[in-house]
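*Asks:* Here is how the chains run, residue by residue.
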Amino acid sequence: MQKSKKVLLLGHFGVGKTSLIRRFVSDSFSDAYKVTIGVHITKKVVELPSGTSLSMILWDLEGTDELHLIRNAYLMGTHGVIFVFDVTRPATFQNIQRDLDIIQEKVKKVPVLVVGNKMDLVDPADVKRLLEENDIQSDYMTSAKTGDAVNEAFLEMATQLDI
Amino acid sequence: MNERERLEVLKDILFTDDRDYADKITDRIVQLEQILHDRNKLSGKVDPIVSAQLEAFTKSIPDTLGPVITATLKEEIKHHKDEVVDALYPVLGKMIKKYIAQEMKVLSEKIDEQFSFVKSAKRKIRSIFGNEKEEELLLSELSMAKIEQVFLIERESGILKGGYSKTATIDEELISGMLTAIKSFVEDAFNKGGQSLELIEYELYQIHIQSFVTHYVAVVISGNYLTRSKNKVQDLIFNFYNKYMAMNLDLVMDLGQGRGEDGEPVTRSDIEKELSKYFGNAKI
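In the order they appear, the protein sequences are chains A and B.
At position 82 of the first sequence (counting the first as 1) the number is 81 in numbering that gives the first Met the number 0, and the numbers step up by one without a gap.
At position 89 of the second sequence (counting the first as 1) the number is 88 in numbering that gives the first Met the number 0, and the numbers step up by one without a gap.
If you are wondering where the hints come from, they were derived from the structure by calculation, not from laboratory data.
Note that the Cβ used here is the ideal one computed from N, Cα and C, for glycine as well.
Treat the hints loosely; a few may be bogus.
Said to hold, decoys possible - Facing chain A, a subset of chain B residues (Cβ under 7 Å, in silico):
#1 Glu171
#2 Glu172
#3 Gly176
Start from the sequences and build out the full structure, keeping to the hints where you can.
*Replies:* Structure follows, in structure tokens:
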């Protein structure tokens, strides 16, 4: 029996949440930036190594610099969260621990993955050093533009939700 | 050997059985002390007794405490009428208001029907002076409400538990997600004490939403959706949800009401069969 799980993508404005979903769902990318208003929902069914399939209902919430202002109604019943930050804009990850604490407070006991996006725009070594300096742990470093590590990040979430 | 020692030897000879018995009692006391000081061991001994007592107490509540509680409540209500009215007014007031509004609509529709000869005359006049034929006008008036789609959706997550559709549409899981987002947004933004979004209208379609505690049912209706139809749709929803709850209860309570009696979980296809059964050929 196919299970369905609600996965939220959260993060600041313009970090590439919509682009990551578009890359994962339809394997495409657009440079034109269209701000997400409210919420946009897409779906992808993934086949897992366990042999089961999982329907990921992806809730792409509009970006915000103040995560505590996100409407609780959107967060209810969430099974997993992918927190996205932009590796080119320190403002999107400088307060990452505080942001993650807010998320954990709002959606208790669900898997949370931290994803640094836009890796195609930077030198990986510089990013690594910057993250180490700021003591930031990122689960995946992705590029929605090139597709690097995008599937891996979503599949990791799906695997965690399949347990 | 002094006198004391001789006495001890004599005691050993005369009271051997008693001494064994005393030793056994001592051992037993030590064991009991260990049990008393070991939380897990004590729990193993005491819990079944407490559980049995609690179960007996729970069963006896209606007989023993029921009359007392009822009498107390009656007394409290008698002496605090204003407070009771204050507490119940928002809930009852809303229900009564809603009921009266609905009944007024039904009454108004019935009056309209009684004056249908006036409508018929109007139709004739419109067909004479307008471009439309009388048959076409009649047809448009008779465009009855029809159920197009039904969804059973988890209230918080928006996950679709089952859907029934007469026509092919976009992915039902996406619809249920977006419906939930819209519903959540409206209920959150206009937070008016536990009210729920009940109807979404777009052109010739209406989405009737009935919320329950853990799920909600959304019914997409085309055509002329009158209050009479609304009542019928509500009845259908309640009947279906009652069945759905029974199917789930069977899993834990073995009520013999639904699919779950063989211990298998209720699947999406079970739910969709029921949705089709209840809503498929329903006239509203």
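*Asks:* Work down the list of hints and note, for each, if the structure agrees.
*Replies:* Hint by hint, here is what the structure shows:
For B:Glu171, the suggested interface contact is broken, since its CB lies about 10 Å from the closest CB of chain A, more than 7 Å. Given hint, B:Glu172 at the interface with chain A, holds; its Cβ is 5 Å from that chain's nearest Cβ, closer than 7 Å. The restraint placing B:Gly176 at the interface with chain A holds, with a minimum CB-CB distance near 4 Å, inside the 7 Å limit.
Hint 1 from the list above is the single one not met by this structure.
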